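Visitor: Going down the list, the sequences are from chains A and B.
If you count the first sequence from 1, position 165 lands on 165 in full-length UniProt numbering, and the numbers rise without skipping.
If you count the second sequence from 1, position 14 lands on 14 in full-length UniProt numbering, and the numbers rise without skipping.
There's no promise every hint is true.
As the list claims (entries may be wrong) - Chain A residues, not near chain B, derived (Cβ > 12 angstroms throughout):
1. Lys-69
2. Ala-138
3. Lys-170
4. Pro-191
5. Asp-318
6. Asp-385
To be verified - Chain B stretches covered by chain A per the calculated footprint, using a threshold of three residues with CB under 8 angstroms from any CB of chain A:
7. 4-14
8. 27-37
9. 73-80
10. 85-91
11. 108-117
12. 134-145
No wet-lab data here; the hints were simulated from the structure.
In this text the structure is predicted, and so the values were computed from the model without any measurement.
Where a beta carbon is used, it is the ideal one built from N, C-alpha and C, also for glycine.
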Amino acid sequence: MTRTAKNEPPGVVWLGTPHFPVAARTAVGDPQLRENLRRATTTIRSRRLAAVGELDDWEDLRTAGAAVKRAALRHLDTHLLRLEESVERAGGTVHWAADAAEANRIVTELVRATGEREVVKVKSMATQEIGLNEALSAAGITAYETDLAELIVQLADDRPSHILVPAIHKNRTEIRELFTTTMGQWGRPAPENLTADPAALAEAARLHLRERFLRARVAVSGANFACADTGTVVVVESEGNGRMCLTLPETLITVMGIEKVLPTFADLDVFLQLLPRSATGERMNPYTSMWTGTHDGDGPRDFHLVLLDNGRTATLRDTVGRQALACIRCSACLNVCPVYERTGGHAYGSPYPGPIGAVLTPQLAGIEHAPSLPFASTLCGACYDACPVKIDIPEVLLHLRARAVESKRGPLPSPEALVMKAAATTLASPRALAWAQRAAALGGRVLARRGVLRRLPGPLARWSASRDTAAPPRETFRAWWRRTHRRPGQ
Amino acid sequence: MSSRQEILTRIAGALRDVPEDEGAEAAPADRRSPVVRHPPDPVALFAERAAEYRAAVTRTTESEASAAIGAALAARSPARLVVPHGFPEAWLPARRTWQRLEDDPPLRPAQLDAADGALTTCALAVAETGTLVLDAGPGQGRRALTLLPDFHLCVLRSAQIAPDVPTALRGLDPCCPLTFVSGPSATSDIELERVEGVHGPRVLHIVIVEPDSRGADTHP
Ligand code: SF4
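Chain A with its partners taken away, still in its complex shape (with noise of 0.2 angstroms):
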């Protein structure tokens, strides 16, 4: 298993393994992931398949999502501020967080002031990104995950490999194994003579997570949409974690993407048919909680949004790369990549993987810090047939492509910027682009130490001034994909 986010300096948790070649190489190489992958993404993508089919309306109701989000995005300081006001008339605070080191330091400095030392947490890709458990665990906070999945990789001590199903890399018996053997360090035991059944396993989680939320006074969710001309907030699950989480506790901290923020409520009208039947195949998930701002007894006396950019407005300027933040973290792309399927979540080195991920990550983090990502993709187009909110991945990633390579322009000779340049098309060619990928890679290898690049040039200094960024990878993915991908005959 990769396991580089320890070595990361705090608040880049999400920058993991940004070298996707090598990451994918190792997980290519386990069978066992392989097979789980394989299994897990062929069944989400039948059940997909006829929910959507069941709606003769299916590409209306994906154009009417795609509209209303980049719409959104063009207006999004309006309604940002429109919400902000929305919340706060409904009883709750708004802050706002410029990157993943403020978020971390308001949720922690929240959670102080409510005196408590243990946080329950409901699944979110937010806080995931910016490391937030990391950072209230140095504050000596204690953050407890209580989705399934996430109980299950943070009792691992691993990290998620899917947006949807974190866990989709461990089977029922590796489970299994581990509540036995880790669950009685962070509260009530496993019971003797559990399982691998999943409904027993399921069962222990049920337990072991009972009494952490009777308990509970502090709770930290990430949000699926906020309403601006209502305030409203909308979680989705399955578990009822999230409706424990958002329920019981007395304080309620919700960290949540700007680019999450709905015009109306009446938007919701498109998203909560797309999601649901995008995501699980399911015509609905089992509970969906929405929350106006604080209920007199009922629920959190205490709600605080958090407005977190962290590269998302850096994202927004770009006029093509901009639709990926319109991304409902259905995972639909996920499921339908053959890449994803072949290398698992973990090879993309951040809460975001597949598709999505690849043309996420290096917007969020900045292109010189994930450019292997953007050609880990085979360029076949199923995920934007997939993608509830249309969102052209391939074009995305193209795109990309040609910005990592200008990228290191600047001060260096770049070669492959001047191969890219001449010929835009040899994208549509295989060897051409081989030989311009093989050619970046090694264009990075001459700022490179020891594998890492100290200081980056330019306006990238102050950023690289503070942390080692990870040098491009020696072997691209291309030709890594040659090399471990020949089959027999071949």
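With chain A's structure known, arrange chain B with the ligand on it following the hints.
Guide: Leaving out everything else, chain B with the ligand in the frame of chain A:
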């Protein structure tokens, strides 16, 4: 500069390509309202879809409602049942073998956890998805009541069933806390095998109450 100001400035800078006169209000041209579906028999569809998510479903009539609810309870034989204020008295079974918890004063989480079930109404339901929506109104109580006990018996009138999600949303007030419930809690986190019942109630029983005249037609 505060981070709020900083972020707003960054956004304004990032959106220079957006024409000044493009209003934030204008609904995009491609934004059409979703089709409203008209299932021939929304009640049957709701019953079928809710059952597909492994909720138990009983259809009954107004005059037989309390007997049907009594039967649904008998299957679980609860000792302590949460029945929030505002639950229609006429629906309560005549013979009560359980103690009623009314949440007044509010029950502590541990007390709720020790209750054997909750009997509530709901705000509305969605036929197409087999979904119940709770809005903490009379007969429903606060959100925790239908969360901690392991059994939820929810009673609704057939007239409360909306055909689809868009229609249902138009009938809801976002000022209330809203909970959409589609079947018992579930997880597919282990090898994508669906397991009913993780943290929310593991058993969901829905009683649909139809007007008497209709009941008379179907049960001659
Ligand atoms: S990019 Fe589209 S398909 Fe992929 S997770 Fe986001 S919304 Fe879903």
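Visitor: If a hint holds in the structure, say so; if it does not, say that too.
Guide: Hints, verified against the model:
1. Listed as a non-interface residue, Lys-69 of chain A fails to keep its Cβ farther than 12 angstroms from every Cβ of chain B; the least gap is roughly 10 angstroms.
2. Taking the minimum C-beta to C-beta distance to chain B, about 21 angstroms, the non-interface status of Ala-138 of chain A holds against the 12 angstroms cut.
3. The beta carbon of Lys-170 of chain A is not kept farther than 12 angstroms from every beta carbon of chain B, the shortest such distance being approximately 8 angstroms.
4. Distance check for Pro-191 of chain A against chain B: the nearest CB is about 15 angstroms away, which clears 12 angstroms, and the non-interface claim stands.
5. Not every CB of chain B lies more than 12 angstroms from the CB of Asp-318 of chain A, the least distance being 8 angstroms, so the non-interface label is violated.
6. Every beta carbon of chain B lies more than 12 angstroms from that of Asp-385 of chain A, the smallest distance being close to 18 angstroms; the non-interface claim holds.
7. Counting residues of the region 4-14 of chain B whose CB lies closer than 8 angstroms to any CB of chain A gives 9, so the stated coverage by that chain holds, three being the minimum.
8. Counting residues of the region 27-37 of chain B whose C-beta lies closer than 8 angstroms to any C-beta of chain A gives 9; at least three are required, and the coverage claim holds.
9. With a cut-off of 8 angstroms between beta carbons, the region 73-80 of chain B has 0 residues touching chain A; three or more are needed, and the interface restraint is violated.
10. Given a C-beta distance limit of less than 8 angstroms, the hint that chain A covers the region 85-91 of chain B is violated, as 0 residues qualify and 3 are needed.
11. For a cut-off of 8 angstroms, the count of residues in the region 108-117 of chain B with a CB near a CB of chain A stands at 3, and the three-residue condition holds.
12. Check result for the region 134-145 of chain B against chain A: holds, 4 residues qualifying (beta carbon to beta carbon below 8 angstroms, three or more required).
When held up to the earlier numbered hints, the structure conflicts with 1, 3, 5, 9, 10 and fits the remainder.
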